[in-house]
Amino acid sequence: MTVTQDKYILKVEGLGVSYGNVVAVKNVGFSVLQGEIFGLLGPNGAGKTSTLSAIESLIKFKTGTIEVNGYDVQQKPLHARASMGVQLQSTSFQSELNVIQILQLFSGIYGVPMTKDKISQVLEEIGLADAGKKKFGQLSGGQQQRVSLVIATIHNPKLVLLDEPTTGLDPQSRRQLWERIEAIRDKGHSVLLTTHSMEEAEAVCDRIAIIDHGSVVAVDTPQALINRHKDDPEVIAVSRRGKVTLEDVFIALTGKTVRA
Amino acid sequence: METIVPKSSTVFATLFRADLATAVSNRRSVVISLLVPMIILITWKGLIKLIGGPAVLATSITIGLIAIGLMSYTLSIARDRDKGIFQRLRVAPVPTWAIMASRISIQMVMIIVLTLATFIIGYQYDGIALSAQGYILTFGVAILGGAVYLSLGQLIVGLIKNFETINATTRITYFLFIMVGMVGGIDSMNATVKKLVNFSPYGCVKMMLAGSMEASKWTSDTSTAVIVSIAYIVVFGGIGISKFKWNTK
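Here the protein sequences come in this chain order: X and R. Numbering follows numbering that gives the first Met the number 0, with no gaps: position 158 of the first sequence is 157. Numbering follows numbering that gives the first Met the number 0, with no gaps: position 69 of the second sequence is 68.
Simulated from the structure, these hints should not be mistaken for laboratory data. We treat Cβ as the ideally placed atom computed from N, Cα and C, and that holds for glycine. You may find that some hints are simply not true.
Stated by the list, open to error - Short, incomplete list of chain R residues facing chain X, as computed with Cβ under 10 Å:
| id | residue |
| --- | --- |
| 1 | A22 |
| 2 | F85 |
| 3 | V90 |
| 4 | W245 |
Okay, chain R solo, but in the shape it has when bound (with noise of 0.2 Å):
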């Protein structure tokens, strides 16, 4: 009898389901990367009229983003690996690509959650409403942000395969990429600093979801932000996937 190798999607499909049962149940990696923005949304109404709506709703997300990024999804891929969980499923007749896709479908879930509570909480609570066409590009743009952080945590477990230095790795880059935003929003700062701040991996992201909510913020800057950023997903993904190793020996 000829051995039957599943579909690849019928196997993609399975091991989606099982991730977000897992992701569900995992509730407090859920919750971290929701409060954070929400925090920020609410806590920052009194800034709305300084900064303008669609800069705080853009800065939620952004924070949101990385939490995403780097807590949820680079310590769900190096605790499955610790545990060897990789390779249980690497026994089986399942394409590694389907297992690293179907973590990373997962965390794009996150991210249309991430950005949908956003924009509602953002209506409701501080009266931050954008056109359709914002609304739509900044769904676009908050997944093209999500990918930035997706490939940095890629390039962690990449580089790292100890799951504690990992864990340190990721709440470190956390809090600089807070320590960056605040940076930048001082307004006597060097200008050279103030360009490195503004296409660094979170300044990029957060231009160009600024950007995306209104038309008319978007410059020649933006632009520029968005080649950067596409150059950091190919450069922090590709190493990390190159590097990554599917155990910890």
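Chain X with its partners taken away, still in its complex shape (with noise of 0.2 Å):
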């Protein structure tokens, strides 16, 4: 792992996103080094896709900044994109393509244009080298992911977004997943990711932010943020085996409440 103290790749400052007179996101700020893998976790409507969609400047937000490799995601948008790589919670892509035709849509949108022999290396490299002429709804889930995953850092970007990339993969699958992951950590790129599983945060995530009701409430190694909290009432009031974990951190932070 070479993460680069000094130097971040995604900087959010006082972020505040609101729908109307709902406010989904306040104050949020963290930053993501060079070559780490950064999670964001929270409960469901804690205001992490709020906060991904200003990242990737999907929505328009009302307070706070964001720059992406240095760049305004507001006031240079199309820069700010080309230096990430984005996987999308649910990966849509024409149904009526084949895997070869949506890996040239991408390179060409991304003005790295591959060759037939530059994919066939590409689908070799991630096991798909058969599946070539597959339309995509025809690949498994963990296939999909894949691709996914490809076409996210086909261009080489410094900071790549994962939205819940492991959501109904089989732990082999998993596994898998989180190897590429640190693979692409290990070439230096920086990685922000989200997730529900709180094993995955613990074994892949350099840091952490956990987020609710729209703002930080912490942001550490994991392994900082058990042995800080591991003596809080609270953490010890839900811990289930006697031995404090990340999720007994998380929820003792977030409530025990279920969220909708």
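If you follow the hints, you should be able to join the two separate chains into one complex; please do so.
Dropping the structure here:
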């Protein structure tokens, strides 16, 4: 792991997002450093998706600033988007296009056209050498995630955003995806991922931010958060097996109430 | 290292290629848009002596343009929005105008194919021949008429988010236009109703097409139809674009 402490790739400061009278995000701030995997955790409706949408410059926000690779996402949205690769929660590509056509489309969009040989090589690397002519919908969930991840990194971006990338995957596919995410980090990219899996956050994230009710309630490494809160009465009260886990800390910080 | 944003022209060309491949793969939509006009062209052969060849051609092209604007364009936009395909494109360095321009360009290609196919089958099967000027002018008017229905389609996807509701609305509108066409053809119809029908999106396009095919048929009403059509495009397109949301949430 080669985290560059003094160089951030993503900087979010004082972010506020509202939908009409509903405040979704208020005064959120965090940074993602070069070469780290940063996890954004929170219960349903906590403001994770709104924060991600603001970073992706899909929504306009009223307060705060977001910089991706030094580009303000509101002033230079195309530069900011060109600096990041995104894997959305539900992978959505034209169902009529096959995998090769999808790769050609996105490599063209990102300005890195790929030859057929290069595409074959990429597909071979992700174990889909024979799937080039298949429609995206014909691939299994794990295969779809691999293709989506390739597309997210097709242009060698500084920042990769992964929105709940392992949802619905079997343990084997999930482990394989974790290794791929770590490989992205090891190449010097930064990764921002959202997840509901505390196991995943502990396993792959260098640092995490816990967000709740639109605000960041904690930012640190998973182990540091556990160490800091392991003696809190709320954490001990929710601990199930005598050993404090990240999930115990998460529940203690965000409450036991089930969110919609 | 400075981030390089791809040229808009390169992005547009890439999107256009992908959208064309999608349209070719989705043959059912293309066939429906072309089949109905061809059926009219063939089954109305007996009416040529009664209403004239250009009127038959104009009706065929008008019905085809409605199918392209309402069914092909509107449903493809609604479906891709529903599936989140636009969101996936928008998180890439793609200007939003390039996404829409590519989609509209595909429909323009379909309009050209439709018009050409109508001319060829009309000539081969029905023996309908126009002057060179008539063919050229009709091409231009077909594109203008296509723009009327595309803007109407844009209005529908701008005002309605739910895919199923859009699907139902386009089918009802398509049916309504065909009914309007039939009502407009009844001679005993009230003059006011006839005027409304003539200057409806259906009537305007049909009138412009008929006028473009035969210079002698171009009247002051046809010129008014051109102005009304442009107004439809501005109003429908303007509202449709301003109200359009890229996702269904």
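* Hey, does the A22 (chain R) contact hint survive, CB to chain X under 10 Å? -> Because about 8 Å separates A22 (chain R) from the closest Cβ in chain X, which is inside the 10 Å limit, the hint holds.
* **Interface restraint verdict for V90 (chain R) against chain X (beta-carbon cut-off 10 Å)** => holds (4 Å)
* Asked: If you take the shortest Cβ to Cβ gap from F85 (chain R) to chain X, is it below 10 Å?
  -> holds (9 Å)
* Hint status (Cβ of W245 (chain R) to nearest Cβ of chain X, threshold 10 Å) -> Result: holds, 8 Å to nearest chain X Cβ.
Of the numbered hints listed earlier, not one is contradicted by the structure.
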